[in-house]
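Asks: This is what each chain is made of:
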Amino acid sequence: MSSALLKTRRSQLTKGRLPGYAIWVVLGAAVVLAAAVSALIGFDVVVWALIAAVFFVVGATLVTAAAEGSRKAADSLMTYLVYGSFVIALLPLLSVIWTVLERGLPGLSYDFFFTSMNGVTGATDNASAENGTPVLGGAYHAIVGTLQITLWASLVSVPIGLLAAVYLVEYGRGGALDRAITFFVDVMTGIPSIVAGLFAAALFALLFGPGTRTGFVASVALSVLMIPVVVRSTEEMLKIVPNELREASYALGVRKWRTIVKVVVPTAISGIASGVTLAIARVVGETAPILVTAGFASSINLNVFGGWMSTLPTFIYYQILTPTSPTNIDASTQRAWAAALILIIMVMLLNVVARLVAKIFAPRTSR
Amino acid sequence: MSKRIDVKDLNVYYSKFLAVEDVNISIEARSVTAFIGPSGCGKSTFLRTLNRMHEVIPGARVEGEVLLDGDDLYDPAVDPVTVRGQVGMVFQRPNPFPTMSIRDNVLAGVKLNNKRISRSDADALVEKSLRGANLWNEVKDRLGRPGSGLSGGQQQRLCIARAIAVSPQVILMDEPCSALDPISTLAIEDLINELKADYTVVIVTHNMQQAARVSDKTAFFNIAGTGKPGKLIEYADTTTIFNKPVQKSTEDYVSGRFG
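Protein sequence lines, in the order shown, are assigned to chains A and B.
Per full-length UniProt numbering, residue 1 is the first one in the first sequence, and the count goes up by one each step.
Per full-length UniProt numbering, residue 1 is the first one in the second sequence, and the count goes up by one each step.
Hint data in this document are derived by calculation from the structure and do not stem from the laboratory.
Owing to the predicted nature of the structure, the values given are computational and were not obtained by experimental measurement.
Each residue gets a CB set at the ideal place from its N, CA and C atoms; glycine is no exception.
Do not rely on the hints blindly, as some may be mistaken.
[Claimed, not checked] With a Cα cut of at most 30 Å, we get these calculated DSBU-like pairs of lysine-lysine:
{"#": "1", "chain 1": "B", "residue 1": "K128", "chain 2": "B", "residue 2": "K140"}
{"#": "2", "chain 1": "B", "residue 1": "K3", "chain 2": "B", "residue 2": "K111"}
{"#": "3", "chain 1": "B", "residue 1": "K16", "chain 2": "A", "residue 2": "K256"}
{"#": "4", "chain 1": "B", "residue 1": "K128", "chain 2": "A", "residue 2": "K239"}
{"#": "5", "chain 1": "B", "residue 1": "K115", "chain 2": "B", "residue 2": "K128"}
{"#": "6", "chain 1": "B", "residue 1": "K8", "chain 2": "B", "residue 2": "K231"}
{"#": "7", "chain 1": "B", "residue 1": "K231", "chain 2": "B", "residue 2": "K196"}
{"#": "8", "chain 1": "B", "residue 1": "K196", "chain 2": "B", "residue 2": "K3"}
{"#": "9", "chain 1": "B", "residue 1": "K115", "chain 2": "A", "residue 2": "K256"}
{"#": "10", "chain 1": "A", "residue 1": "K256", "chain 2": "B", "residue 2": "K8"}
{"#": "11", "chain 1": "B", "residue 1": "K16", "chain 2": "A", "residue 2": "K239"}
{"#": "12", "chain 1": "B", "residue 1": "K111", "chain 2": "A", "residue 2": "K256"}
{"#": "13", "chain 1": "B", "residue 1": "K248", "chain 2": "B", "residue 2": "K231"}
{"#": "14", "chain 1": "A", "residue 1": "K256", "chain 2": "B", "residue 2": "K128"}
{"#": "15", "chain 1": "B", "residue 1": "K16", "chain 2": "B", "residue 2": "K228"}
{"#": "16", "chain 1": "A", "residue 1": "K239", "chain 2": "A", "residue 2": "K72"}
{"#": "17", "chain 1": "B", "residue 1": "K111", "chain 2": "A", "residue 2": "K359"}
{"#": "18", "chain 1": "B", "residue 1": "K231", "chain 2": "B", "residue 2": "K3"}
{"#": "19", "chain 1": "B", "residue 1": "K3", "chain 2": "B", "residue 2": "K115"}
{"#": "20", "chain 1": "B", "residue 1": "K16", "chain 2": "B", "residue 2": "K244"}
{"#": "21", "chain 1": "B", "residue 1": "K244", "chain 2": "B", "residue 2": "K231"}
{"#": "22", "chain 1": "B", "residue 1": "K244", "chain 2": "B", "residue 2": "K196"}
{"#": "23", "chain 1": "B", "residue 1": "K228", "chain 2": "B", "residue 2": "K196"}
{"#": "24", "chain 1": "B", "residue 1": "K3", "chain 2": "A", "residue 2": "K256"}
{"#": "25", "chain 1": "B", "residue 1": "K115", "chain 2": "A", "residue 2": "K239"}
{"#": "26", "chain 1": "B", "residue 1": "K140", "chain 2": "A", "residue 2": "K359"}
{"#": "27", "chain 1": "A", "residue 1": "K15", "chain 2": "A", "residue 2": "K72"}
[What the hints assert, rightly or not] To be clear about the criterion: a stretch of chain A counts as covered by chain B if any three or more of its residues have a C-beta under 8 Å from a C-beta of chain B, and this derived list gives those stretches:
{"#": "28", "region": "235-249"}
{"#": "29", "region": "263-276"}
[Stated by the list, open to error] Simulated restraints, written as ranges between beta carbons of each label pair:
{"#": "30", "chain 1": "B", "residue 1": "G225", "chain 2": "A", "residue 2": "S70", "range": "51 to 57 Å"}
{"#": "31", "chain 1": "B", "residue 1": "T240", "chain 2": "A", "residue 2": "K359", "range": "54 to 60 Å"}
{"#": "32", "chain 1": "B", "residue 1": "F17", "chain 2": "A", "residue 2": "T189", "range": "33 to 39 Å"}
The whole structure should be built from the sequences, with the hints applied where relevant.
Replies: Pasting the structure below:
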């Protein structure tokens, strides 16, 4: 008897609170009203969604203000704004992925991965367009070029960046040299990539004569961009290694360099490794510095130290800017999108690798 | 295998700031010596000068002599690494190496120095050190697990095992129980009593009952005021310090009337 009474009576603690369904009522009303308004000014799905969102935010805030007071109203308003901003921030990313998948997938084939553009001319593209046969030509040379140039850029910049960071954190004592290094690392983080390309081109022109363009010159240009990122991320990781661990090691009679190599760096290695991987992901998509340092090739060149090379970004650039067949540009556009898809997949794989590496190397704390 | 320590006219500086002034003290071999005193009086700073850990901090330096069985630690020709091999240290907060297993933590002093050690010798050393730290029975079945997975008290005993695995002459302990519960504290205090048979032990503590329980001799440090250097006020047998100290400030401190 009394328990039935308790059920029908609303709890004193939830007095003055909107019931759970209220928000859905407001949402439904907002959607219907927005449909009406957008029908008046010419129906469009995007406009409808935008108006519905505005109506919902305003309506829900007003309803909450009326029923629950201004503090709750402010709370829900900010909640909607935060969620809304999140959705807006996510939209371009999803849109990019969708577009690249939609336009890039048709161009992906075994031949695209394993043939180059050698011998593919405007006549080839015209023929495949007229006969409806598959588009010939591929990005093998650009994929190989991207991998090689990025590999050499990492080989150059990771040791330099790592050692510079070790110097800054473990040996530097805040003197003029340290401040200078930190300052210039910060400046280097911000230099435009084309400037790095020009620097590498000029450096090699000085050393080996003008017009020296090889994959390795591009690697040097990319490492100019990579080093500051590696230094920065490694420095931050080394800084958060607790000083207690260094002292524990010193107190066991371990030398400083051994302490760094065997205690400090292993403790920070997961962060360092993921920092390095993200630095690689950042430079793998550079276009401008490659153009001025490695030139452009349409055939396979496996030697980074001689001859011009292509990478995926320069491949895309040339396919779009100077289509192989000026009368049938669709073939070139399709190749460009397929190359873009491969590039995005590469960057995503690098990010996955960074996470795996961080997980594998992370200090074990399980009980 | 334990050595005595004699400190003569020692001044300890952080850059220009004189942190501890004019300490003269003789610490007997195979004894437990406790340093007590209010926070900031320089006990820990002074302790760290006994194995040259003080100078790890930029700008830190000392004047005077610290003699380990007659050999001056601060002779310019002395390598601080040699000193730290002979004078081990246990810190306030347990700090096992997070990347290493329990076994590797015990062997850290050997492995980090790349000394070659056969597997059987390593096993024997691990067992001896862990038994020495009263931890063997608790961890013998999980030596391969990470050291950071142990409880705080176990981690601290692991750090003690790590320190005694390099067979030092002296063990310095900087408030080793301040982060531990009473049961773990008791375990460590029992351990200190056992370590006394083989090592010279110096312990900094804020807990006066602990000083009274574990130490043979006690040194009381005090500070005249903020910004003034810390000084060694009185150094005597623990019973004397706690029962009839000579200095008024010592009596005030040990009886709780201080400040």
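Asks: All hints, please: hold or fail.
Replies: Going down the list of hints, with the structure as the test:
1. Proposed proximity of K128/B and K140/B is supported: the alpha carbons are some 12 Å apart, at most 30 Å.
2. Distance check on the hinted pair: K3/B and K111/B sit about 25 Å apart at the alpha-carbon level, within 30 Å; holds.
3. Distance restraint check for K16/B and K256/A: the Cα-Cα separation of roughly 25 Å lies within the 30 Å cut-off, and the hinted pair is therefore satisfied.
4. Between K128/B and K239/A the CA atoms are separated by roughly 35 Å; this puts the pair beyond 30 Å, and the hint is violated.
5. The hinted pair formed by K115/B and K128/B meets the criterion: a straight-line CA distance of about 18 Å does not exceed 30 Å.
6. With a C-alpha separation of about 13 Å, the suggested pairing of K8/B with K231/B holds against the 30 Å cut-off.
7. A distance of roughly 26 Å separates the Cα atoms of K231/B and K196/B; the hinted pair therefore holds under the 30 Å criterion.
8. Of the supplied pair hints, the one linking K196/B and K3/B holds, its CA atoms being roughly 12 Å apart against a limit of 30 Å.
9. For the hint pairing K115/B with K256/A, the CA-to-CA distance comes to about 16 Å; that is within 30 Å, so the pair holds.
10. Restraint check: the Cα-Cα separation between K256/A and K8/B comes to about 29 Å, which is no more than 30 Å; the hinted pair holds.
11. Restraint check for K16/B and K239/A: the C-alpha separation of about 26 Å stays at or below 30 Å, so the hint holds.
12. Between K111/B and K256/A, the direct Cα distance comes to roughly 14 Å. Compliance with the 30 Å bound is thereby established for this hinted pair.
13. Straight-line distance between C-alpha atoms of K248/B and K231/B comes to about 15 Å, which keeps the hinted pair within the 30 Å bound.
14. Annotation: proposed proximity of K256/A to K128/B holds, straight-line Cα distance about 28 Å (limit 30 Å).
15. At roughly 12 Å between alpha-carbon atoms, K16/B and K228/B fall within 30 Å of each other, so this suggested pair holds.
16. Straight-line distance between C-alpha atoms of K239/A and K72/A comes to about 42 Å, which puts the hinted pair past the 30 Å bound.
17. For the proposed pair K111/B and K359/A, the alpha carbon gap of about 25 Å is at most 30 Å, so the pair holds.
18. Restraint check for K231/B and K3/B: satisfied, since their Cα atoms lie roughly 24 Å apart, inside the 30 Å limit.
19. Pair hint K3/B plus K115/B holds up; C-alpha atoms about 24 Å apart against a cutoff of 30 Å.
20. Proximity of K16/B to K244/B is assessed by CA-CA distance (about 37 Å); at most 30 Å being required, the pair is judged violated.
21. A threshold of 30 Å between alpha carbons decides the hint, and for K244/B with K231/B the separation of about 20 Å falls inside it, so the pair holds.
22. With a C-alpha separation of about 25 Å, the suggested pair K244/B and K196/B falls inside the 30 Å cut-off, and the hint holds.
23. Restraint check: the Cα-Cα separation between K228/B and K196/B comes to about 34 Å, which exceeds 30 Å; the hinted pair is violated.
24. Note on K3/B and K256/A: the hinted pairing holds, with a Cα-Cα distance of about 26 Å set against a maximum of 30 Å.
25. Taking the CA atoms of K115/B and K239/A, the gap is about 29 Å. The hint holds against a cut of 30 Å.
26. Between K140/B and K359/A, the direct Cα distance comes to roughly 27 Å. Compliance with the 30 Å bound is thereby established for this hinted pair.
27. A distance of roughly 14 Å separates the Cα atoms of K15/A and K72/A; the hinted pair therefore holds under the 30 Å criterion.
28. With 7 residues bearing a CB less than 8 Å from a CB of chain B, the region 235-249 of chain A meets the requirement of three and the coverage assertion stands.
29. Counting residues of the region 263-276 of chain A whose CB lies closer than 8 Å to any CB of chain B gives 3, so the stated coverage by that chain holds, three being the minimum.
30. Roughly 53 Å separates the CB atoms of G225/B and S70/A, a value that falls within the hinted 51 to 57 Å.
31. The hinted window of 54 to 60 Å between T240/B and K359/A holds, with their beta carbons roughly 58 Å apart.
32. One distance hint, 33 to 39 Å for the beta-carbon pair F17/B and T189/A, holds here, with the actual separation near 37 Å.
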